[in-house]
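> Turn these sequences into a full structure, and let the hints guide you.
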Amino acid sequence: MNGADKINLILGELAGVASDPHGYAAAWKQETGRKVIGVFPMNFPSELVHAAGALPLVVQEDEAPITLGRSLLYEFYCGYTRSIVDQAATRKFDVYDAFYLVDHCVALLGAADALRFEIPDKPVFLAQYTASMDEAWTPAEIRKRVEDLRGALAEYCDAALSDDEIAASIAAYNRNRDMLRQIYALRRSGKIALTGRQMQILVKSSMIMEVGAHNERLDALLPLLETGLPAPANLVKLHLSGHFCHAPRPELLDMIEDCGTVIVDDDLFTGFRFIATDVPADGDPIAALTRWYFDRNTHVPCSTRSQMTVDWEEYLARSVHASGAEGVIILLAKFCEPHMLYYPELRKELMRSEIPHLLIETEHEGLALEMLRTRVEALLETIRLRKLQPVLA
Amino acid sequence: MSLIKQNAQPKLVIPQTGAPANRLVSTRSGGKMVKDYWDRLFSARERGATVVWYNGAALNPIFQAAGIEWCHGEAFGARLAAMHLEGPAQRMGEEYGYNQELCSYARTTLGCAVLTQKEAAKYVNAGDGADVPDIPSQEVLASKLPPPDLFVNAYAGCSTGQQWDEISYRLFNKELPFFKVSYPLLWGNKADAGYLRGEEWMEASRYVAAQIHKLIEFLEFHTGRPFDWDALRESMHYIKKAAQLRLDALALCKATPTPAVFWDWVASIAPINFLPGNQDLVDYFAGVKAEIEQRVIDGVAALPGERYRLAFDGIMNWNKVGWLANQFADHDAAVICGRYTHSSFWNEPHLIDEDDPILGMAQHYLLCPFNHSTKTLGELLLRDCETYGIDGVVFHATRTCRSASNGQMVMAKMAQARGIQTMVLEGDVADASFYKDEILMSRLEAMLETIDVRRRNF
Ligand code: SF4
Ligand code: SF4
Numbered sequence: 000m001n002g003a004d005k006i007n008l009i010l011g012e013l014a015g016v017a018s019d020p021h022g023y024a025a026a027w028k029q030e031t032g033r034k035v036i037g038v039f040p041m042n043f044p045s046e047l048v049h050a051a052g053a054l055p056l057v058v059q060e061d062e063a064p065i066t067l068g069r070s071l072l073y074e075f076y077c078g079y080t081r082s083i084v085d086q087a088a089t090r091k092f093d094v095y096d097a098f099y100l101v102d103h104c105v106a107l108l109g110a111a112d113a114l115r116f117e118i119p120d121k122p123v124f125l126a127q128y129t130a131s132m133d134e135a136w137t138p139a140e141i142r143k144r145v146e147d148l149r150g151a152l153a154e155y156c157d158a159a160l161s162d163d164e165i166a167a168s169i170a171a172y173n174r175n176r177d178m179l180r181q182i183y184a185l186r187r188s189g190k191i192a193l194t195g196r197q198m199q200i201l202v203k204s205s206m207i208m209e210v211g212a213h214n215e216r217l218d219a220l221l222p223l224l225e226t227g228l229p230a231p232a233n234l235v236k237l238h239l240s241g242h243f244c245h246a247p248r249p250e251l252l253d254m255i256e257d258c259g260t261v262i263v264d265d266d267l268f269t270g271f272r273f274i275a276t277d278v279p280a281d282g283d284p285i286a287a288l289t290r291w292y293f294d295r296n297t298h299v300p301c302s303t304r305s306q307m308t309v310d311w312e313e314y315l316a317r318s319v320h321a322s323g324a325e326g327v328i329i330l331l332a333k334f335c336e337p338h339m340l341y342y343p344e345l346r347k348e349l350m351r352s353e354i355p356h357l358l359i360e361t362e363h364e365g366l367a368l369e370m371l372r373t374r375v376e377a378l379l380e381t382i383r384l385r386k387l388q389p390v391l392a
Numbered sequence: 000m001s002l003i004k005q006n007a008q009p010k011l012v013i014p015q016t017g018a019p020a021n022r023l024v025s026t027r028s029g030g031k032m033v034k035d036y037w038d039r040l041f042s043a044r045e046r047g048a049t050v051v052w053y054n055g056a057a058l059n060p061i062f063q064a065a066g067i068e069w070c071h072g073e074a075f076g077a078r079l080a081a082m083h084l085e086g087p088a089q090r091m092g093e094e095y096g097y098n099q100e101l102c103s104y105a106r107t108t109l110g111c112a113v114l115t116q117k118e119a120a121k122y123v124n125a126g127d128g129a130d131v132p133d134i135p136s137q138e139v140l141a142s143k144l145p146p147p148d149l150f151v152n153a154y155a156g157c158s159t160g161q162q163w164d165e166i167s168y169r170l171f172n173k174e175l176p177f178f179k180v181s182y183p184l185l186w187g188n189k190a191d192a193g194y195l196r197g198e199e200w201m202e203a204s205r206y207v208a209a210q211i212h213k214l215i216e217f218l219e220f221h222t223g224r225p226f227d228w229d230a231l232r233e234s235m236h237y238i239k240k241a242a243q244l245r246l247d248a249l250a251l252c253k254a255t256p257t258p259a260v261f262w263d264w265v266a267s268i269a270p271i272n273f274l275p276g277n278q279d280l281v282d283y284f285a286g287v288k289a290e291i292e293q294r295v296i297d298g299v300a301a302l303p304g305e306r307y308r309l310a311f312d313g314i315m316n317w318n319k320v321g322w323l324a325n326q327f328a329d330h331d332a333a334v335i336c337g338r339y340t341h342s343s344f345w346n347e348p349h350l351i352d353e354d355d356p357i358l359g360m361a362q363h364y365l366l367c368p369f370n371h372s373t374k375t376l377g378e379l380l381l382r383d384c385e386t387y388g389i390d391g392v393v394f395h396a397t398r399t400c401r402s403a404s405n406g407q408m409v410m411a412k413m414a415q416a417r418g419i420q421t422m423v424l425e426g427d428v429a430d431a432s433f434y435k436d437e438i439l440m441s442r443l444e445a446m447l448e449t450i451d452v453r454r455r456n457f
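Protein sequence lines correspond, in order, to chains Y and H. Position one of the first sequence corresponds to residue 0 (numbering that gives the first Met the number 0), numbered consecutively onward. Position one of the second sequence corresponds to residue 0 (numbering that gives the first Met the number 0), numbered consecutively onward.
No lab work stands behind these hints, which were simulated from the structure alone. One thing to keep in mind: the hints can contain errors.
What the hints assert, rightly or not - Between beta-carbon pairs, the in silico distance windows are:
#1 Y:Ala377 - H:Ser441: 41 to 47 angstroms
#2 H:Arg454 - Y:Asp133: 32 to 38 angstroms
#3 Y:Ala377 - H:Gln99: 18 to 24 angstroms
#4 Y:Arg372 - H:Ala190: 51 to 57 angstroms
#5 H:Gly66 - Y:Asp162: 58 to 64 angstroms
#6 H:Ile438 - Y:Leu8: 41 to 47 angstroms
What the hints assert, rightly or not - Derived lysine-lysine pairs resembling DSBU-like cross-links, with alpha carbons at most 35 angstroms apart:
#7 H:Lys117 - Y:Lys347
#8 H:Lys435 - Y:Lys143
#9 H:Lys374 - Y:Lys28
#10 Y:Lys91 - H:Lys240
#11 Y:Lys333 - H:Lys31
What the hints assert, rightly or not - With the C-beta cut set under 10 angstroms, the calculated list includes, among others, these residues of chain H facing chain Y:
#12 Arg90
#13 Tyr95
#14 Pro145
#15 Leu149
#16 Asn152
#17 Ser158
#18 Ser181
#19 Pro275
#20 Asn277
#21 Gly377
#22 Glu378
#23 Leu379
#24 Arg398
#25 Ser404
#26 Phe457
Predicted, not measured: the structure shown is a model, and the values here were computed from it. Built from N, CA and C at the ideal position, the CB exists for glycine as well.
Quick look at the structure:
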């Protein structure tokens, strides 16, 4: 088997996990006899669930059209939340023993509450993290919530959840994030050719698979990638931005690349945002998980958080500069309030920095790929014309 | 289309009287008080006053005691929508980049913020090449707010409410002081959790109270004046009295036929939500209560032909209030209670300790009607249905407000399980374009017919 075959074999296995999270979880549960806990995006410290001996699974959007979920949430909620309640109503959540969340996006809370009504036998625990990060008293408040989680999980999983166990889980997750970041760095530098779909598989599967098992796959994959083929140099380099909580459809990524582009970087949740930040490895693990929450927003700012000193748009412009991306496609999940609210700030900065960009709204059902292709091509036209400007001048 | 059961039944032809509604006369003075408040606010700059822009909870007694003038963002958005003047601000918001699916309160007020920053003129430049043509200048002026000196955000139950001020802060170039109060949702992880009870409730109350103390320190710092605690106690004394009068008056509407309707209470939202705590406020609600008492004595009904008693769940539809009131009245449907009017706005005055009001104030802020679990919301709805003898519930599915829409479908199921009819009204808080009037009418008629059928059968 050559290197490419080996890469494909690993990616194939991870693609299977990414496309069937509940199948993976059911098999894991059968094998281990332990609990599967659904955790909701975007700031949940999975380390605690892992340290409690359960499988933390970041609940994914399901591709199925919304059916029974329509009787739980109106159609003007984001695709992720509608899919969650639909999966609950259509009994796809049987594999989970409980659900935990820390984020307080208004749509997510509505969905979690509807889920609580629909499947009352499954505990749904909210340890609401204060979204405003500027106040001197917020860290102490977050620490209390981390401790609440620790207490609730210890009780629910009948686990000790000792400092050492948490520290071991933190180390495993940091390693996972680090390896994924190395792959990102290789992609950014153009040293490897990894498609958007493949990158998504790597991150998405890390949200599902037991972290130790995922680390084994990445351990095998990284050296193979390092010796692989570089990305073609003649493609337009793009940065993908946004798309909170759930992954954009892979077909959309394929289409964008088919137009003659290469995705060099992103700040998608099912992307760099998810793996950008490590938990401090030393000292009190509860303090470290508290710190992680704040660090995440300074590393890759998120408009679901409220922080006066941090600006997503600045981060975006900086990242584009660092990766050499020639344009940005903002992927906005329809009805995603925190993203809609922040979009004009992003647009202003991209215009100010003269970075060509395109806004694409995605929906749970219906992806008008051909229409979108025309818009992507128009963006590429702008980028190419800009490249020619110095020649034409 | 919503799958909430619309209870389709065979059609009965029952004549509706559609007799004109008797709106309360006493609420008119509230309109004047509110107008005077805004007029005074618009001249704040000329008077050299400090102005705070705030969103969310009724922090006005704090500002009053701090000696600064307060501009409530949602109230301003509601005011524009009620006057049908939201257009220029919303168009400004759209030019600035806001999607129509975004909270229309936020869109309106952020549009105002952009307008406030620009010179009000025939053409208003959005700063990135976006021009808003053809806005008559007096409408632009109507959308202009007195510029802020500081921001305070205190939005319970809705993440958008908090993020909105984060943007306002940025629109003013991140130069103004900004304080945020954060609220936990009253979610109910623990078995003892419930309305006004349990460890979570007390913990959340103390957390918010501590933040209010910090807010007071922030205001002292920025005004350079010590906070006037006596002034706070005094205004909370009046607010507590006014709130109790309002509750007493609401309770009088248990009578059949009801002496006042939801739409009368909507007219009293602004006074209880943001007018100064003083004797005028007490007099206003004393007047409302007296008028209702007299109606009960005289047997005067709000709707002379009252045939149906309904509840209204959700946030208000400011640009359609009058229209909706008429539609329901035309069908002899008395909307008697609502989440927005009955479960909000200093609605538990017994919590306020006049000598030490902060904890009780914090608790009211937590009691925002969008800051409860669905279970609690459903229980409060069923409680009101029983109190007021409700036949049916109208759920306002508010297109751009996920916060007010959360839980509604579950609440509808809870009501249906009790034999209460339900319908969904699709609309919005401050964007009239989301209404489909004919659908609303046919759903209302279907629900009223079902109520008739049930009455005949039971
Ligand atoms: S942040 Fe956006 S995508 Fe995530 S739950 Fe909220 S609305 Fe949906
Ligand atoms: S979405 Fe609703 S609750 Fe939230 S800020 Fe807008 S109007 Fe207020």
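> A separate judgement is required for each hint: does it hold in the structure or not?
Now for the hints, and whether the structure bears them out:
no.	hint	verdict
1	Y:Ala377 - H:Ser441: 41 to 47 angstroms	holds, 43 angstroms
2	H:Arg454 - Y:Asp133: 32 to 38 angstroms	violated, 57 angstroms
3	Y:Ala377 - H:Gln99: 18 to 24 angstroms	holds, 23 angstroms
4	Y:Arg372 - H:Ala190: 51 to 57 angstroms	holds, 54 angstroms
5	H:Gly66 - Y:Asp162: 58 to 64 angstroms	violated, 50 angstroms
6	H:Ile438 - Y:Leu8: 41 to 47 angstroms	violated, 55 angstroms
7	H:Lys117 - Y:Lys347	holds, 17 angstroms
8	H:Lys435 - Y:Lys143	violated, 47 angstroms
9	H:Lys374 - Y:Lys28	holds, 31 angstroms
10	Y:Lys91 - H:Lys240	violated, 52 angstroms
11	Y:Lys333 - H:Lys31	violated, 41 angstroms
12	Arg90	violated, 14 angstroms
13	Tyr95	holds, 5 angstroms
14	Pro145	violated, 22 angstroms
15	Leu149	violated, 13 angstroms
16	Asn152	holds, 8 angstroms
17	Ser158	holds, 5 angstroms
18	Ser181	holds, 5 angstroms
19	Pro275	violated, 28 angstroms
20	Asn277	violated, 32 angstroms
21	Gly377	holds, 9 angstroms
22	Glu378	violated, 13 angstroms
23	Leu379	violated, 15 angstroms
24	Arg398	holds, 5 angstroms
25	Ser404	holds, 6 angstroms
26	Phe457	violated, 26 angstroms
Violation of the numbered hints given earlier is confined to hints 2, 5, 6, 8, 10, 11, 12, 14, 15, 19, 20, 22, 23 and 26; the remaining hints are satisfied by the structure.
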